[in-house]
Amino acid sequence: MSLKSYVTSRVLLTIPMVFLLLTLVFVIIRVMPGDPALLHFERHVSPEVLAEFRRRLGLDLPIWQQYINYIAGLFRGDFGISMQDYSPIIQHLHARFPATLELSIYSGLFAVVFGVILGVISARKYDTTTDHSIRLLAIVTYAIPVFFLGMIFQIIFSVWLRILPSGLRFDPHYTPPPTITGLYTIDSLLTGNIWAFGISIRYLLLPSVTLGIILLGIFIRLTRTNMLETQQSDFVMSAKARGLSSFSITYRYSLKNAFLPILTMIGIQVAILLAGAVLTETTFSWPGLGTYLVDRIYHRDYTAIQGTVVFFAIMVAVVTLAVDILYAYFDPRIRL
Amino acid sequence: MTNLLQIENLSVEYKTRRGIARAVDNVFLNLEENKTLGLAGESGCGKSTLGLSIMRLVPHPGRINEGKILFNLDESLIFEGGSVEKGQIDLMQLDDNQMRAIRGRKLAYIFQDPMTSLNPLIRIGDHFTEIIQAHEEDVKKDEAINRGEEILETLGILPERITDYPHQFSGGMRQRVMIGLGIALRPRLLIADEPTTALDVIVEAQILDELATLKKQFNLSMLLITHNLGVLAQTADDIAIMYTGRVMEIAKTESLFEDPKHPYTQCLLKAVPDVRKPDKTLAWIAGAPPDLIDPIPGCMFRPRCEFAMEICATQPPPLEKLDTGQRVACYLYTKGVSKK
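Read top to bottom, the protein sequences are chains A and B.
Using my numbering, the first residue of the first sequence is number 1, and each one after it goes up by one.
Using my numbering, the first residue of the second sequence is number 1, and each one after it goes up by one.
Accuracy of the hints is not assured; some may be wrong.
30 angstroms max Cα-Cα, derived DSS-like pairs, lysine-lysine [as the list claims (entries may be wrong)]:
1) K68/B to K252/B
2) K68/B to K35/B
3) K252/B to K277/B
4) K280/B to K270/B
5) K216/B to K35/B
6) K256/A to K252/B
7) K216/B to K125/A
8) K4/A to K141/B
9) K215/B to K68/B
10) K256/A to K140/B
11) K252/B to K216/B
12) K125/A to K15/B
Don't read these hints as lab results, they were simulated from the structure.
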């Protein structure tokens with residue numbers, strides 16, 4: 001099987017998966033007992049208001065028709081309208097997504113880069129104090145709840161040391177860089193505004209390190225285990241017997257081969273990253289999808305919750321697909 | 001004849017949770033130029049560990065305790081960050097860089113399992129480029145690939161398959177690739193650690209034939225490690241029999257098969273099936289080898305030996321040369337020992 005047909009089959013497999021996912025989200029959110037319209041209004045409202053509300057949101061239709069409308073809408077890029085003000089949810093997603101993406105990219109990078117580096121060190125210094133310390137670090141960081149770590153950082157760096165802001169995405173006294181990609185760090189660099197870049201980094205630092213540290217442990221342990229495993233493998237032994245340098249064995253053999261499971265893990269971690277983003281964003285008042293979702297949950301805005309969750313789900317599906325394709329690119333055996 | 005390899009008093013120990021296991025115990029071996037020395041013994045007798053210690057690649061937690069591994073280097077090697085003078089050198093005295101320069105270039109090692117000995121993510125051609133460039137830094141990639149193609153062709157593999165990945169090859173072909181990588185730099189000594197165990201009998205015969213041809217073509221000396229005495233009967237000039245990390249007997253191949261001296265060798269040969277006598281009941285050796293972590297004093301074969309004497313329980317018997325040329329570590333052949 002060629003790479004091309006492999007990719008095609010993966011893409012085709014993703015379609016029923018996404019479909020199943022969309023259905024599941026719909027079922028969980030809508031078919032649950034309780035009337036979303038009634039639950040949305042916490043106090044009593046007149047039947048006329050309620051009827052009008054149901055009509056505009058399409059909640060007066062039979063459930064199967066709501067489902068068809070929902071799926072059909074998604075194909076047009078319509079994620080429904082919010083119960084709050086009937087505004088299209090896609091608008092909110094569009095406005096909020098760059099913030100979450102920026103946070104996720106930096107925390108993901110932090111976790112992968114430091115996780116792999118520490119994992120490699122740990123494996124190379126196998127069974128020494130360095131190795132044990134790194135492993136301890138991996139377990140501890142994995143076990144800390146993300147909001148707790150966030151608060152500790154806020155207390156240390158924002159309250160005691162007063163060197164980093166405790167929340168938000170940009171200094172409220174200044175205007176953020178003009179939107180090109182929506183990522184402040186990239187937009188400020190594209191417009192040549194080093195000063196704005198500095199501010200965005202300052203605001204990014206605590207939330208992305210917090211979220212990154214939570215994911216760090218997995219990558220440390222995974223890298224270490226896989227490095228140790230490949231180091232003991234026959235092909236590393238025979239590479240040594242052929243007189244290859246230990247540098248080229250570590251990087252061309254151990255790390256390259258250990259990278260495949262790491263790549264898979266990156267795909268799996270994206271889901272955890274997004275879940276972690278919800279908590280991190282709340283802790284740091286980061287104006288992304290996470291805070292939006294939590295805000296909508298407080299307001300029992302069912303349509304907005306559904307739209308955001310669907311968006312998260314599609315993101316995870318897309319990343320999983322991308323990882324599968326990358327995996328095939330790196331591992332020739334998959335293409336068989 | 002000069003000795004290419006001379007092992008003196010070599011001991012290797014593995015440090016385990018239960019204690020220290022002596023996998024190679026006080027071994028002396030000689031390998032002459034252009035000869036094949038067969039190293040045979042049952043699983044766990046230390047034959048692979050001995051092979052790996054010549055490469056100085058004994059895996060953790062093993063350690064070479066003492067001994068000399070004298071190797072006759074035919075040319076001086078100069079490499080980035082060091083050099084090795086030609087002549088007889090003790091591999092144990094070399095630093096990591098010097099040892100790296102000798103591995104693959106003068107000493108080649110072929111592992112048992114060809115299915116796992118090639119990096120699955122690296123093309124066959126890149127395996128050749130790697131080893132050639134690791135030792136001859138100024139060789140260009142194209143030239144290295146060309147050399148790889150030539151080697152594949154001598155081994156009966158289509159040269160254009162050099163761009164394939166290991167998983168696209170069968171087991172026998174992979175072992176040929178391993179051999180090809182082994183001889184790529186015209187080494188002096190080829191250590192083959194059960195090179196045909198993972199293969200079927202027909203491929204085994206082909207590979208052994210090819211090894212014999214290559215040995216002539218490149219003036220190779222070979223250390224062939226196996227538990228298959230039949231393989232050694234075809235290929236080896238001399239055979240060393242190992243048991244519990246010690247060499248029990250070294251002899252010319254013919255004399256070992258025709259007139260085995262050590263009781264252990266005799267038992268081993270009785271256990272080899274013979275196609276001409278299909279009805280023969282195979283003999284076996286009662287008992288099991290002693291625990292290496294808690295070794296018994298004296299000869300390690302004593303509990304299973306039908307000729308055991310009092311003296312066998314005192315001191316390990318030394319390896320002594322008989323008038324007939326064999327070397328045996330057994331008190332049966334020591335003069336002046338009362339045989340009871």
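Verification of the supplied hints:
no.: 1; hint: K68/B to K252/B; result: holds, 24 angstroms
no.: 2; hint: K68/B to K35/B; result: holds, 21 angstroms
no.: 3; hint: K252/B to K277/B; result: holds, 25 angstroms
no.: 4; hint: K280/B to K270/B; result: holds, 10 angstroms
no.: 5; hint: K216/B to K35/B; result: holds, 10 angstroms
no.: 6; hint: K256/A to K252/B; result: violated, 47 angstroms
no.: 7; hint: K216/B to K125/A; result: violated, 44 angstroms
no.: 8; hint: K4/A to K141/B; result: holds, 29 angstroms
no.: 9; hint: K215/B to K68/B; result: holds, 26 angstroms
no.: 10; hint: K256/A to K140/B; result: holds, 23 angstroms
no.: 11; hint: K252/B to K216/B; result: holds, 19 angstroms
no.: 12; hint: K125/A to K15/B; result: holds, 18 angstroms
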